Every structure is written in structure tokens, then in C-alpha cells.
Amino acid sequence: MASSSLSAKTTGLRPTPERLSRWRVARKWIAAQEGWIFIFPWVVGFILLDLGPYIFALIISFLNWDVGRPPSFIGFRNYQAAFTDPLVGKSLWNTAYYTLFHVPGSTIIAFAVAGLLNQRVRGMPIWRTMYYIPSVTSGVGMALIWIWLFAPRGALNGMLGWFGIEGPRWLTSTTWAMPALIIMSFWGVGSSMVIFLAGLQGVPQHLYEAAEVDGGGWWAKVRHVTIPMMTPYIFLSLILGVIGSFQVVTQALLMTEGGPDNATLFILLYIWIMGWNAFKMGYAASISWILFAIIFVATIIQFLGARRWVYYEYQEPG
Amino acid sequence: MAATTAEVGRRRPIALRAFRWTRRILLYLIVVGGSFVYMYPVFFMLRTSLTKESDLYVVPPIIVPLPPVWENYAIMWQNGPTWSWIKNSLIVVSFSVVAETVTSVSVAYGFARTRFAARDKLFIGVLATMMLPGAVTLIPRWLIFHRLDMIDTLWPLLIPRLFGTAFYIFIMRQFFLTLPRELDDAARIDGASHLQILRKVVIPLSVPAIATIAVFSFMNRWNDFLEPLIYLLRTENLTLAVGLRFFVSRFGTEYHLLMAGAMLLIVPMIFAFFLAQKQFIRGIALTGIKG
Chain G
1 MASSSLSAKT
11 TGLRPTPERL
21 SRWRVARKWI
31 AAQEGWIFIF
41 PWVVGFILLD
51 LGPYIFALII
61 SFLNWDVGRP
71 PSFIGFRNYQ
81 AAFTDPLVGK
91 SLWNTAYYTL
101 FHVPGSTIIA
111 FAVAGLLNQR
121 VRGMPIWRTM
131 YYIPSVTSGV
141 GMALIWIWLF
151 APRGALNGML
161 GWFGIEGPRW
171 LTSTTWAMPA
181 LIIMSFWGVG
191 SSMVIFLAGL
201 QGVPQHLYEA
211 AEVDGGGWWA
221 KVRHVTIPMM
231 TPYIFLSLIL
241 GVIGSFQVVT
251 QALLMTEGGP
261 DNATLFILLY
271 IWIMGWNAFK
281 MGYAASISWI
291 LFAIIFVATI
301 IQFLGARRWV
311 YYEYQEPG
Chain L
1001 MAATTAEVGR
1011 RRPIALRAFR
1021 WTRRILLYLI
1031 VVGGSFVYMY
1041 PVFFMLRTSL
1051 TKESDLYVVP
1061 PIIVPLPPVW
1071 ENYAIMWQNG
1081 PTWSWIKNSL
1091 IVVSFSVVAE
1101 TVTSVSVAYG
1111 FARTRFAARD
1121 KLFIGVLATM
1131 MLPGAVTLIP
1141 RWLIFHRLDM
1151 IDTLWPLLIP
1161 RLFGTAFYIF
1171 IMRQFFLTLP
1181 RELDDAARID
1191 GASHLQILRK
1201 VVIPLSVPAI
1211 ATIAVFSFMN
1221 RWNDFLEPLI
1231 YLLRTENLTL
1241 AVGLRFFVSR
1251 FGTEYHLLMA
1261 GAMLLIVPMI
1271 FAFFLAQKQF
1281 IRGIALTGIK
1291 G
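Chains G and L, in that order, give the protein sequences. Position 61 of the first sequence, counting from 1, maps to 61 under our numbering, and the rest follow consecutively. Position 197 of the second sequence, counting from 1, maps to 1197 under our numbering, and the rest follow consecutively.
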């Protein structure tokens, strides 16, 4: 796109003495390269911190690399070991379990909350902030709070007690530790919520009016106007949600350390354990490539599936 | 607007008005109730951090602990080199916010407003780094910094911030594309260079978007856990987020101290959010962050 407009300009020059025209072409070419100066930092970072490390990671995954000893080439042995390692299977299953509930759940909640916060209600800035605050404070602080909320005699079980339900020992139960982390994740929907909110405010009002003229009620408007217009945002939220969810680690490390009995061993947590506790860098790298492949395939599938349900009103600007 | 004119135009029967009122009250109940559900963990943390240990499990629960037990904070503070942790976090965060914002804005300007042959191909690279899992680069980056003898220093947390962050570049580029091109064309005719256009024309129009990525950067770096965990070793070299990890093992079930520690991490975030809130919400609405 950029190159075609450049050539149109250069070929469109009026006929002038050849040397002058050549000088102009050269000067235009130099001016056209000015953009490089602006993106130069990113290019350097991309090569040193992304492209290079990706290639390096691929090499490492074929090595037997315990930090402190010279690495040796062992072919696909790391991958063979990973495919037969029951803990890799277990951690992948755990991660998939989390993703399966966290991503759709938090998308639906974020969407519903955004819909609520898009209503005309007095004091809305205050309410919006209150919904957003837990996401601002996500990470370690929130994990510490939820350790206490999920404590055997903590707030959650106290509330369940009001209804005569004896709550489980959330974080130390193999059955309930994962659901606990999923429940907690629903408090961090703030950023998708704000994105949805921005999207909702961009839905043209005349579409709702048209639906009203056709006698459509509240649900018809949501179903036939809001949701179709919001599909690009929902899609973005799903894509980034799956990518993030497959790389969850902080909560598990702080709250359960992968336990009890590996019930919350996420794949990235296992990579961390292998890399920085067992110092098996080669093995950890090979697992990270398996994780890469899974996220890559999941993303491609979502992009292919998007053609069926994502609705773009405008063509993206080039 | 349209809804109000419709209401004036037709007079609705009483039953319908009653229905509207019920719906309105219900809406308020859900919005306000939900916001309390969302804030509950934060309220609860504040309350617990000021409660005596012996009062933690009292029935009915104490909602406002009186008098507040400030000693909890003193005990929590003395648990580790808290000052060093805060100092390290502040170094990392202040450097990162400035570096990430400045670089991401200038790179985004390059992608949105200058023309050169490889531009759009390179932008695919930005999208790729946003989409591909960063987990893969964790090990090689660590080994590189290990080779550079930078383990247990703050450098591995600072250096990568100098090169712009894909997500912020993406947000800023999308925002710059919404600014009318005529503005910089006019400046160009007046003989302004790209750098002058960026400083005098584009940046003043982009304050909300820039505030948005600055807040994102602050949040992400302040809360960052995995990177400092793998790069920092000695207790006094840790950042606050990683330092607080010791609280979990140290305090175990002394939840009032645990919550005092959590407050230390969360209060600056809430404070920063309130300061930037207006620009931040506007920025997100404006950038739209659409694909």
C-alpha cells in the first residue's frame, strides 16, 4: 500500500533535466525512509527480545541443558519425555479446564456488566469505578485477599453458612481448588468490561429505533442489534482471553503452589518448576513449545471460525 | 434523546408507567448491588487489616473494627526489608512507565503516519508479538540475561521496556489512525518535520490515549510477578509484589497481617487509578481497542 503510493508520486514527476530528477528521486526516497527512525526501537527489540529468543528457545528445546553444565544435543528426546510425562498431561488438562470455564464465563459476565453500566443511572462514574477496581488490583494483592476469602473459616464459607451450607475447604480440596480459582477470576473482568462498554457506546442509535419500530422488545434488541454489532469486540476478548488463560500462573503459584495433589498445576507453572526449580532448561523449553503449538492452533481455529459469526460493518482502514 | 421525545409524544397508561418504575428500581438495585459485590473483597481486606486476630471469627462479624488495630501494619512492615521492596518497585515502575509510553507512542506514530515500503509487513510483527505466547521467550531471555551477568539485578526488568510494547503500540496506532490527516498535512505544508508534527500536533490530541497506556503500564509493572520472580534472587533485591509472596508462607493463617500486606500493594494502584481515571476511561472509549 505504502510502496504503491510512493511510486505513483515518483513517476508522476514532471520531465526535468535527468540529474535533477534523479536527485529528487533520491531525496524522496530518503524522506520515505524517515519512518524507520520512529519504529527503529521496536525493530531492535523485536529481533533481540522476540525473534532471537524464539529461535534460541527452539534450539534449547533440542538440548540437554541443565544450568551450570555444558549443554548437549539430544534431538527430540525432550519432546518424547514431555509427551510421556503424566504431569505435562495433567497440567495441560488443568489449564484447559480453567480456560473452558474462565473464558466464556468472564466474557458473559463482562458483557452483562457492560450492558448494565451502559444504562442511564445516577452516579454511574462511581459504579463503573467500583466494578473496575478489582481488575486494577489484580495479581498478587487480589490473590492474597482471596486466600482469606476462601479460608476454611473465611468469608465465603461464612456466607454459605447463612444458608445452612457447609462450604468446602476450597484451596486445599482437590475438587474445589480449581473452581475457586475460576470463581476468583470473575472479579478480574474489568478490562474486557471497559472494552465492551466502549463498543456498546458505538452502536448506532438508529438501529435500536428501527428495531423498536418493528415492534421488537428488549430481548429482540439485544439479540438482533447489540450482539451482532458487538461481535468484533467479543471476538477480540475471546482471542486475548484464551491466550492469557493458557498462561495463567500467578494465582496458582501464590494460592495453591499447584496443589493440592497437582489439582491446580497449570502448564506455565510446570514450566517454571522445571526451568527454575529443577533447572532443566531444555526440557522446560520443549514444554513451552508444546504450549505455543496449542495456543497457536486455538487462535487459528478461532480466526477461521470467526468468519461465520463475527460481523464487520466497516472495512478495516489500511 | 429519541426515547424521551417518544415518551412526551404519547401518554402512557398507568400500568405501563408502574412497570417502568419497577424496572427502573430493579436496575438500580442490580447496578448498585453488583458494584458492592465487586468491591466486597477490597472492603473486606481493609476491614481485616485493621482487626484484632481474636476478632477475626467473631459472630456476628464486625463490619467496622473499632478501634482500628494499626499494629497489624507495624508487624507486617517489620516482616521483611519492606523499604527496599518498595524502592525496587518504584524504580522499575517509574522507569517502565516513562520508557514504555515514550517508545510506544513514537513507534505507533511511525506505523500510523509515515510511509515506507516494509511498514505494513512489520506491523504484522507487532500483531504477532501480541498474539504469540510470551511464555516461550521466558527461558531464552533468562539465559541471555544470565550470560550478561544481570541476574539478581533490576536490569532484566528495565532493558526490555526500552523497545516499546506491542499491545501499547497497537492501541496508540489505532488511535492515531482516527485523527484527521488534514492536521498533519497542514503542518507539513508549513514545513514541520515528523518529529515536530508528533510533538506539536499529534501528542496534544492524544492525551487520553497516552494516559490509558501509561495506566496500563503502571498496573502491569506494579503487579508484575513472574518476571521479578525469575530474575531476582536475594530477599532485599525483590520487588514488592514478589516480596509479599513470603507473607503467604510466613503468616500462613494470620489473615489480618496478610491483608495488611495486600493493602500495601493495592492502595497505590487504587490511588493511581483515581488520579488518571477521567483520562483513562475517555482514552479507552476513544481508542475503542478494536481490531
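In short, the hints are calculated from the structure, not lab data. If you're wondering where the values come from, they're calculated on a predicted model, not measured in any experiment. Glycine included, C-beta positions come from ideal geometry on N, C-alpha and C. Hints are supplied without guarantee of correctness; some may be wrong.
[Claimed, not checked] Here are the simulated distance ranges between beta carbons:
hint	chain 1	residue 1	chain 2	residue 2	range
1	L	Leu1195	G	Asp85	32 to 38 Å
2	G	Trp36	L	Leu1179	19 to 25 Å
3	L	Asp1120	G	Pro152	31 to 37 Å
4	G	Arg169	L	Thr1082	29 to 35 Å
[Claimed, not checked] Far from chain G, some chain L residues (derived; all Cβ distances over 12 Å):
hint	residue
5	Ile1014
6	Met1045
7	Tyr1073
8	Trp1077
9	Ala1112
10	Ile1189
11	Asp1190
12	Val1201
13	Phe1251
Evaluated hints:
no., hint, verdict
1, L:Leu1195 / G:Asp85: 32 to 38 Å, "54 Å, violated"
2, G:Trp36 / L:Leu1179: 19 to 25 Å, "22 Å, holds"
3, L:Asp1120 / G:Pro152: 31 to 37 Å, "56 Å, violated"
4, G:Arg169 / L:Thr1082: 29 to 35 Å, "31 Å, holds"
5, Ile1014, "20 Å, holds"
6, Met1045, "5 Å, violated"
7, Tyr1073, "14 Å, holds"
8, Trp1077, "15 Å, holds"
9, Ala1112, "10 Å, violated"
10, Ile1189, "15 Å, holds"
11, Asp1190, "16 Å, holds"
12, Val1201, "15 Å, holds"
13, Phe1251, "10 Å, violated"
Going down the numbered hints, you'll see the structure goes against 1, 3, 6, 9 and 13, while the others check out.
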